[in-house]
Structures are given as C-alpha cells and as structure tokens.
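Protein chains: 2
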Amino acid sequence: MQLFQRDQIARAVAIDRQALAAVEAGFAALGRGQVVQPPILSMAIEESNGEVDVKTAHIRGNERFAIKVSPGFFDNPKLGLPSLNGLMMVFSAKTGLVDAVLFDEGYLTMVRTALAGAIAAKHLSRNDSRRVAVLGAGEQAEKQIEALRLVRDIAVVDVWARRRDAAEAYADTLRQRGLEVNVHGSVGDACRNADIIVTTTPSQAPILKASDLPDGVHVTAMGSDSPDKRELDDSVLTRADAFVCDTRAQSETNGELKAWHGAEVPFKVHELGGVIARGERLRLSPATITVCDLTGTGVQDTAIAGFALSRLGEESRDEP
Amino acid sequence: MQLFQRDQIARAVAIDRQALAAVEAGFAALGRGQVVQPPILSMAIEESNGEVDVKTAHIRGNERFAIKVSPGFFDNPKLGLPSLNGLMMVFSAKTGLVDAVLFDEGYLTMVRTALAGAIAAKHLSRNDSRRVAVLGAGEQAEKQIEALRLVRDIAVVDVWARRRDAAEAYADTLRQRGLEVNVHGSVGDACRNADIIVTTTPSQAPILKASDLPDGVHVTAMGSDSPDKRELDDSVLTRADAFVCDTRAQSETNGELKAWHGAEVPFKVHELGGVIARGERLRLSPATITVCDLTGTGVQDTAIAGFALSRLGEESRDEP
Chain L
14 MQLFQRDQIA RAVAIDRQAL AAVEAGFAAL GRGQVVQPPI LSMAIEESNG
64 EVDVKTAHIR GNERFAIKVS PGFFDNPKLG LPSLNGLMMV FSAKTGLVDA
114 VLFDEGYLTM VRTALAGAIA AKHLSRNDSR RVAVLGAGEQ AEKQIEALRL
164 VRDIAVVDVW ARRRDAAEAY ADTLRQRGLE VNVHGSVGDA CRNADIIVTT
214 TPSQAPILKA SDLPDGVHVT AMGSDSPDKR ELDDSVLTRA DAFVCDTRAQ
264 SETNGELKAW HGAEVPFKVH ELGGVIARGE RLRLSPATIT VCDLTGTGVQ
314 DTAIAGFALS RLGEESRDEP
Chain B
14 MQLFQRDQIA RAVAIDRQAL AAVEAGFAAL GRGQVVQPPI LSMAIEESNG
64 EVDVKTAHIR GNERFAIKVS PGFFDNPKLG LPSLNGLMMV FSAKTGLVDA
114 VLFDEGYLTM VRTALAGAIA AKHLSRNDSR RVAVLGAGEQ AEKQIEALRL
164 VRDIAVVDVW ARRRDAAEAY ADTLRQRGLE VNVHGSVGDA CRNADIIVTT
214 TPSQAPILKA SDLPDGVHVT AMGSDSPDKR ELDDSVLTRA DAFVCDTRAQ
264 SETNGELKAW HGAEVPFKVH ELGGVIARGE RLRLSPATIT VCDLTGTGVQ
314 DTAIAGFALS RLGEESRDEP
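Order-wise, the sequence lines are chains L and B.
Mapped onto this note's numbering, the consecutive letters of the first sequence carry residue numbers 14 to 333.
Mapped onto this note's numbering, the consecutive letters of the second sequence carry residue numbers 14 to 333.
No lab work stands behind these hints, which were simulated from the structure alone.
Please note: incorrect hints may appear among the correct ones.
One copy or two, either will do: identical chains are not told apart, so a pair holds if it fits within one copy or between any two.
Claimed, not checked - Taking lysine-lysine and the DSS-like style, the derived pairs with C-alpha atoms no more than 25 Å apart in a straight line are:
id: 1; residue 1: Lys91; residue 2: Lys107
id: 2; residue 1: Lys242; residue 2: Lys107
id: 3; residue 1: Lys222; residue 2: Lys281
id: 4; residue 1: Lys107; residue 2: Lys135
id: 5; residue 1: Lys242; residue 2: Lys156
id: 6; residue 1: Lys156; residue 2: Lys107
id: 7; residue 1: Lys281; residue 2: Lys91
id: 8; residue 1: Lys107; residue 2: Lys281
All values derive from a computational prediction rather than experimental measurement.
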C-alpha cells in the first residue's frame, strides 16, 4: 500500500488536458450506465459548524475505485486552518484491498471540480467563447478559468463578488496571467457580454436570474452542493434552452433542481455523462442558452484518483 | 497525523472489559439521542463478488469521530486472501482534520461486533446463563464466546454449523480454553438447553425458528447485515417477549425486521442504546425470551476507534 501527501500529488497532477480527458471519460462511463454510484453519505457536526461528505463510484471493469472523504469545517479560518480538507482512498476492485491513500487535503477535489466546469463548457458553450463572467472570487473562481482555457480561447474575464476587495484581488491575480479582467458592482453588469457565466459561490439564495442572461450564453453553476445552497433563480432554468446536470438525483437534493424536488420538472433534464456518451448536440444555434448544474460526483473522484495514481506511479519509476 | 497497522492495533486493543465499556458508552449515547448516525453508504462491485460499506457516527461533544470503510470481497479466499478487510479514519470533530488512520484490516470491526453481542447479553440474558448455543463456526462464533465470558460465567458451548468439519475444528479450539463443547447435527439439538443462542452465519434463509427456543433463552442474531441475509424465522420475533435491535432502520433493511419493512410491526421494537440509557428491564421472569438483532452501527466504530487511539497513545507514551 502506498501513501502520498498533498505536495507529491500536486506535483504530479495539474489542471491539464490529460486530467481533463480522465474526468471526461468518467462522465462518459456514467452516461453509458457503466458506473455504480451510490448516494453521498453526509454527516453534520453542528457544534463545530462542520460537515463531512463521503463520495464513491465504481466504473465497471476498472481495476480500482476510490472513496473520498471531504470534511468542511467552516469555522476553521478563525483557527488559521482551511475550511476544506480530506483524503481519497484507492481500493483494488478485484480484492477490496487498499492500494493507496492520497492525503491530498482536497487538492484533487479542486482539480476535478475545475475540470468538470471545462468539460461542461466544452460540450455546451459556443466554440468561439472568449469572454467569461465569474460570480465569486474564491479558489474555484480562479481554477475554473484555468480549466476553461484548456477548451476555449478565453481573453476577457468579468468578475463580481459579494466582497469588492476580494474581486479586486482576484482581478490582479488573473491579470498576471495575461487576461483582461473587469471588476463589476452588480451581477447584471458582470454578465452583460458574457459567452460563459460561471457561478462559484456558497450562496444560500439565488444570485443569477433570467434577465441577466445574454443570448447564446452557457452557464455553469458549480457552487451549490448541499441542501441549503442555491445560486440560480428558477427563471434561469426555465429560460434555458437546455438544462444539464451532473447527476439528477443530486441536483434535486443538493443543486439547482431543488425547487422541483419530488415534483414534475417543466423542462427536459439532461445529464452531462449522457451528453458526452451519446454526443448529444444541445446547442442548436448561436443564440441557444445552456445551463449546467454541477454538484460533484463520485465518478469524478474515482477518475481523478485513478489518474493521480497512474501519474504518481510514473513519477516513482522515473526516479534513479 | 498518525498511521497504525493491524499488528500494533491488535497488541493495544483486545476483547476486554475496558473495550466493552467504551462500546457500551457509545450505545448509551445513541440511546440518549446524542449521536448523529447517517445511513450506511453501500456499493456493490458485482464483477468481483464484492461490496464496500462505509459507516460513521458522531457522538456529540466527543473530540473525534471515525469513518470506517469495510470491503467484503467474497472470492478472496480463492486468491488466498481474507474476504473482509478495511480501515478506520479518525477525524477531529473540531476541525475535520485527520488525526489518525487505523489500517486494522477489519480487526476493530471484529472486536466491536463481538463486544456488542456481550453487551446485548449483559442487558438481556439471565444472570445465571452458563450454556451457549452457537450457530456457525467462523471467526465471530469464536469471538462472541470470548466476549460473552466477560459478562456471564459460560461453561458449556453447543455448536451447530452447516459444515460439520468446521464445527469440529471450532469445538477443538474452544475446548483448549477450558470450555465443554458439544457438536450437534441440527439447530434444534444445539439449542435445546441453551441459556443464550448466538447466530453468526451469513445465511440467506432463516435457520432458527420459534420451536427451537427454550424458555428463558436470550438470542443474539449478529449474522444478517445486508439486504440479502436472514437468520431468524419470523416466528422467533413474534414468539419473543422482547425484541431489541441496534438500529431499527438498519434492522428493517439489513437485519431481521425485513419482513415488516414499511409495514406495521406486530410487536414493540426496542433499541439496544435505549435499553442501556434508560435501564429498561425487559426480562420480567426467568422464562422471558429476549431477542437482539445486531446489524452493526457507526457508533460502535466511532467508539472502538476512539478507544483504540487512546490505548495506542498510552502505548507510545510508555516507550522510552
């Protein structure tokens, strides 16, 4: 059994095309019905403002599967510690023995979440998308742009965040990477000329509404991943020409389909894996509006953990 | 963060009174409503005849909680490997950071499962119980007796197993520990004079029926822990004067209450934690028949993992 620490893992795995292909293959397998993916195990530790989620999935025929434990303890910053943490265990799918433990402290979750946004944009946004509106200014606001640049020729970023100083700092960071960045005082201003909108906030109330959507835009909503969060107003979903989510059941409980949980949804719900596996073309014209809701799936974790382990294996073979 | 291997853990933790007290305290906290215990996450790996379960629980106010991963791959013996395996991760309940990983390969599960049987017998069986019928001849058949001896003065064991040679080997092992052991060719013969009956099989069809129960007996059924298993005929439950389970929801899906899942149960269902916490007296006379169905709970894992970590900490302090 092998143990790997965050630094090693971060040296071996980056937001790049190979990692994107690995996660995309995981979604495609999900879309072909080749994945066993049980519901998320979730437990609240109320006295510490914490929660812990366990996600897993098995891609049939794969040699390994991963189980990820993600604690989120939201008072940690007061103690000088990051809120998010965690590790991934990789097991042999033949014997159930532990192959490796990746003490990645959430690093691989960061990577596979950013890549899922790029995969959604690859299959749903206009090919000529150059301008991205980002709502939020945290780590994913930055990593989503990094990942999008793998699939689209991004030149301009428009940012809005609840805290103006955070948006300004974010803009400085991205300008150093050769992007034109504009900071906006409202969501509407930030989104006015967007080809792609990415929402990356922990908001508990919708921040984006239908009237903020320019024609032809693609929206990726990746912030809402628990029953108490929402980023998209229902009008965004009903206005969209095509609505896609990573997993319908999770979208209804943790994502943007909450308003229709247990009720009939007045539009067709696609899943990203199916879109990829069947090559579904949901963008019928340059004016088509597409929306993708990402809640985070176990198959992404199994895919990125397997990819990380293969990269880490190559690294150790390279050593003298 | 600390890592511990099976050998270290097995040297530090045994089936003894202190470990029993730790697990019993976990059950009592559950009975007082002080435990957050989400449903088990379970995933099948059909192509390998495998499954993996994840259990967790948090005892409110405790400094730590554990998450246990238990793979069961039932073709492993053909490869010369044990079927059961796994590890426990221990997290700070204040920050969500990993405190320790116990690579116990299922050892602590074996211990806490045996102890739960003893705890059930302590609260439900007659004080003067001396004779135990054991159905099954595997590891738990042995460990349940070891644990029972902590709470009752056991002198005679009557064993029945599907494979006669396994029962004979089991009898030899227990005789070496000073017990009188009789091997029987039928369940009815094994149970005829029992004070306590323990069922420890992976049976998928009931093996014990009401007509096998002598007056005053206590039955612990610890084998059924998944939707496809059953050890007790429904008649055992309806014949019992008191029916207790570790967690009602799990007993309905994975244990002996399956026949009434979603239906009204025609008898009162007690939970072991509540019996302990409230000091419920369910044995009203020497003839009372009690039944306890154990499916295995996250709170046992959190309790034994915390206990193991405290023992391992003492050990390391003792080193020069």
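Here's how the hints hold up against the structure:
1. Lys91 / Lys107: Between copies only: 12 Å across, 44 Å inside.
2. Lys242 / Lys107: Answer is between; shortest inter-copy Cα gap is 23 Å, intra-copy 38 Å.
3. Lys222 / Lys281: within (19 Å within a copy, 52 Å between copies)
4. Lys107 / Lys135: neither (34 Å within a copy, 40 Å between copies)
5. Lys242 / Lys156: For Lys242 and Lys156, only the intra-copy Cα distance (21 Å) is at most 25 Å; the inter-copy one is 47 Å.
6. Lys156 / Lys107: Neither. Shortest intra-copy (35 Å) and inter-copy (28 Å) distances fail the 25 Å Cα cut-off.
7. Lys281 / Lys91: neither (43 Å within a copy, 48 Å between copies)
8. Lys107 / Lys281: Close neither inside one copy (38 Å) nor across copies (43 Å); limit 25 Å.
Hints 4, 6, 7, 8 from the list above are not met by this structure, while the remaining hints are.
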